[in-house]
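Residue numbers (this note's numbering), protein chains in the order written: chain A, 1 to 639; chain G, 1 to 639.
Just so you know, the hints here were simulated from the structure itself, not pulled from any lab data.
Any given hint could turn out to be false.
Said to hold, decoys possible - Cross-link-like lysine-lysine pairs, in silico, DSBU-like; alpha carbons within 35 Å at most: (1) G:Lys444 to G:Lys93; (2) A:Lys596 to G:Lys617; (3) G:Lys289 to A:Lys398; (4) A:Lys256 to G:Lys398; (5) A:Lys610 to G:Lys256; (6) A:Lys43 to G:Lys228; (7) A:Lys231 to G:Lys127; (8) A:Lys257 to A:Lys206.
Unchecked claim - Facing chain A, a subset of chain G residues (Cβ under 8 Å, in silico): (9) Asn423; (10) Asp501; (11) Ser535; (12) Gly543; (13) Thr608.
Glycine included, every Cβ here is placed at the ideal spot set by N, Cα and C.
Protein chains: 2
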Amino acid sequence: MEDRMKNFTLDDSLLGRYERLIKEVVIPYQEKVLKDEIPDTDKSHAIENFRLAAQMLENGVCEEEFYGMVFQDSDVAKWLEAAAYSLYHYPDKKLEKRCDEVIELIGRAQHKDGYLNTYFTVKEPDKRWSNLEEAHELYCAGHMIEAAVAYAECTGKTKLLLIMCRMADHIYKLFIEEERKGYPGHPEIELALMRLYSYCKNEKYKKLALYFIDARGVDQDYFIKEAKKRKWSVWGGNGNSDKEYFQCQMPVREQKKAVGHAVRAVYLYTGMAAVAASTGDEKLKNACKVLWDNIVQCRMYVTGAIGSAYEGEAFTKDYHLPNDTAYAETCASIGLIFFAKKMLSLEIDSKYSNVMERALYNCVLAGMQLDGKQFFYVNPLEVIPGISGDAVSQRHVKPIRPKWFACACCPPNAARLLSSIGNYAWSIQENTVYSHLFIGGTLKLDDSIKGELKLVTGYPYDDTVVYLFKPKQQIMKMTLAIRLPDWSFDTRIMLNGRKADYQVKKGYAYIKGEFTKEDELKLCFDMSVRRIYSSNRVSANNGKVAFLKGPIIYCAEGADNEEDILSLSVKKSANAVVLKSDKLGGIDEIVIEGLKSSTIDTLYSFETMKLRSYDIKLIPYYVWGNRGTNQMRVWLPEL
Amino acid sequence: MEDRMKNFTLDDSLLGRYERLIKEVVIPYQEKVLKDEIPDTDKSHAIENFRLAAQMLENGVCEEEFYGMVFQDSDVAKWLEAAAYSLYHYPDKKLEKRCDEVIELIGRAQHKDGYLNTYFTVKEPDKRWSNLEEAHELYCAGHMIEAAVAYAECTGKTKLLLIMCRMADHIYKLFIEEERKGYPGHPEIELALMRLYSYCKNEKYKKLALYFIDARGVDQDYFIKEAKKRKWSVWGGNGNSDKEYFQCQMPVREQKKAVGHAVRAVYLYTGMAAVAASTGDEKLKNACKVLWDNIVQCRMYVTGAIGSAYEGEAFTKDYHLPNDTAYAETCASIGLIFFAKKMLSLEIDSKYSNVMERALYNCVLAGMQLDGKQFFYVNPLEVIPGISGDAVSQRHVKPIRPKWFACACCPPNAARLLSSIGNYAWSIQENTVYSHLFIGGTLKLDDSIKGELKLVTGYPYDDTVVYLFKPKQQIMKMTLAIRLPDWSFDTRIMLNGRKADYQVKKGYAYIKGEFTKEDELKLCFDMSVRRIYSSNRVSANNGKVAFLKGPIIYCAEGADNEEDILSLSVKKSANAVVLKSDKLGGIDEIVIEGLKSSTIDTLYSFETMKLRSYDIKLIPYYVWGNRGTNQMRVWLPEL
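One chain only, chain A, in its complex shape (with noise of 0.2 Å):
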């Protein structure tokens, strides 16, 4: 199973229109920021830090001190990631060079033992690998592999490559040569290891991916240990203590709860898939599955969001998903969706992939503004402005999206996943060809199977897909597998106008076929107006009712029900009228049947409220919060 990205070409009407913005301007802006370049928003100075590490080898001092988090390499790194993935569709020899000019200096940052990392070379040259609780070295290698990886992937020159080589030649040295106890407070660097090992194919880097998923909760004080040994904390403190918050409660094999940090806890499951994946470990693979279940079934939002309290940016309990205070972050779905592709490739299985494209479509999306220049980090269900974001307990859930972030990691990471989704919706085994998302363009195919299938479709709001077939001889001898969504309950499925002839597994069919350049195969999904219900062990959506349309979650937002949700209930009968319209960069909005409460200006009355008719308007939740502050709710009460 090989990565897709660089052999599709996107063509897609909503898909398209975000890799675009991320080419003309999310990957332009993050690299003013990072290099300092924006005004009002807050000071990156990530390449301003490897400019100083460079001077400290150099010079033995630097003119300035280090600033941001701890972690404000990987902001780099994830840029040069989706700039990677960028230049490959569209080249452009101005942002190479200074994406060259970036990895010259990170190289010139490289100490002569491998090593790399600004927070420790500018500010504390002493205290290398001393903290791995909370200093990221480990996290920023491995979002640093990653953009190697990628760097060299799409544009071949492996400068970058080398230079994370040694740095994970480094790392080997030091917990498997040298035999250091430990692991990373932050997961990352399992997953992209093993992302360097299918790259390189060097044993080493698997080895050493296995040896931190191996360590991991093995020892579950190594934290506390360290923290006493150590006697210096990045945030002050003396460490958290909290093990489930680093999913180090107990081996990783033996987990069976998606716990602590949201974002660390689908990083590493996304490492131990990978790794289940490459050595066949069924244990391992076991663990994933149950870990995944755990998330799906008992801890997911409905949007694809996970984590459900701010604090800790954590996953709490099953069944606890509050809509207002949700976390939800944004890198949070994304380290998801990186999960489900890795579950995808030890299984073929639509579970895996239909959350693929409900946190892809919904969560990761509504991350970013229409406009790319905004991000939420968090992304609630439900917002009250007025209380979003002002109410002590709901501070942290803003009403629009704020410009950058001090902990700027989610902006880059939708940044690279977006541009390289083709990974996400294509996968090839042998002769057959997995579609997992349904996103226009076009997969060349170079292996057993040569030739091209384009994928044309007006999805997700056009209720059609069509694959056709330019074999580079007479034929294409393959077998396509179609993931058949979840809320289409009736797909209809036509070879060249006449009902195809296929398998279903596991929610995926299988046409098996020798397909010419005249073949056309169709899907008709039926992408009817759903209600979506709760289990009723969810609190908070107790009699009531989200809506969904084909891959979309929708909303009620207040700028087109003037400006008052909490008054709006939908009724059980009521059917949904769906429109076309251009707002909001061109949606579907839905209009369903409701019932409006007058206001009552007491408090509490004894009195029930008055119901009148009214037109409930939704809208996709991935463009709300583009229209200013209003209110905003998923999950409607239903009468």
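Chain A is fixed; fit chain G onto it per the hints.
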């Protein structure tokens, strides 16, 4: 207008039980806690701290360190106050002797200049009055002043009163004569000084109370400046810069919203109302009315609880009343009752006494276990074991009452309120007796009206209240002003079986007469089970209903409903059946026809849940949590 506690002898089926519990269990238990005689509970050390302070003064050293909160002294004060009330109605030589001994000890812990505070005397002798923000010196003084007045009123013994007059004089000298700037971080001294003034008629104490009220918020940065200057902190850190937390964001007369720490807020407002009632300050009175209305119209739970957020134990924003993460501290509702009482001394209006009753019979009574040995600090309106108390954002929400707290403010506060409930039930102005709460017992009248007024009732479960008269001479010439509760849509008032002649003014029925011992004035309330609805601005209660019968708010608890409350909805049109029950100390149970939804195994489903008829059992909120850990909900979905 005078306090009625002394002259009222309780004979009430419900509150009588609590009064006995206070006398027989709570006061002795709390005494043991204060003296560290209860094993396996948080250590108090409060009496021991006084002993250490006395040693310090007598020997210049002491054998142990101070232990406990900076405001540990106030626990002793609140216990003494409750003991005083109890001693009045239930003379107990042994208890009185032990109280006298404690007072003796307190006297020995007082400095020659009148200063009294064990934290500073034992632990920080050089830092007196340097940290008004955190150190609670004025707060502890306030509570001890209240205890002193109560002890003098109830036992006639003035030793503690003289001690506390010396302390008040000490404070007067500092802030008035020496013109020291500042105001307390935790209000309480203001209302206490007004109480001392009412008892002693010494104008100095009123002047000092007024000083603290006038100073607050004029220099809004007082605490910030103090923190910079003092360079030490009780809690560590650099002080709390949140002005709203301390209600010092502006001068008190300009404040329009109830903000910050809820207990501090209502203690302050009580002091403001007491000053306004004494001075006739219209601006101050008006500020009190505006703040009252803001609490009751926008920031109060249906149980009479206040304080929506754990963070800062604080008020948050209008209409932000989450049920599951509520702070809703018992002490805050007790403070709300204090505030209501003082507002009634400013103007007779049932809008105050209705809330007083709501808070008393619901949030305050719920604070105590039926056995008097366990206490809620936090009073949520929804509890889901597995989440409540466990999810990181709900750690403060305990599903069962803990035994005692390191910060033990609530149990002794409830004890002093419940053992002096006569003060809240009645007030007298010239020839008018106001009956605010319907609590059975006998009120002795010995000013202009001479005789006894007896209230006979099975309230709050029975709908009839009878007033009987026992004139000292032939007749009692008086006006009886009786609150007409807001929940009774039809209250019949009969004198000797015939409709009485009365006028209604601001929710009170005024019955003027020359009553003899043959007269019987009887009120019959409409005590039907009522549905109560929230403004739709309260997101958490959209589509939901609560139930009330008389003054009692009901809830559904798992113990009566197959351990599953989240699956229940109430039918819109269903009638309620009331069942007398012996359980939980004797209650009226409500059975209401509802619907129970099948539990779907998946987190989200496109299917509507199957509903079947189900008789939902409701119990009074104040008895919830007496049968172990189980689900509880006040607001139920209504279909």
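Status of the hints after comparison with the structure:
no. : hint                 : in the structure
1   : G:Lys444 to G:Lys93  : holds, 24 Å
2   : A:Lys596 to G:Lys617 : holds, 30 Å
3   : G:Lys289 to A:Lys398 : holds, 33 Å
4   : A:Lys256 to G:Lys398 : holds, 25 Å
5   : A:Lys610 to G:Lys256 : holds, 30 Å
6   : A:Lys43 to G:Lys228  : holds, 28 Å
7   : A:Lys231 to G:Lys127 : holds, 32 Å
8   : A:Lys257 to A:Lys206 : holds, 26 Å
9   : Asn423               : violated, 27 Å
10  : Asp501               : violated, 28 Å
11  : Ser535               : holds, 5 Å
12  : Gly543               : holds, 4 Å
13  : Thr608               : holds, 6 Å
Consistency note: the structure conflicts with the earlier hints numbered 9, 10.
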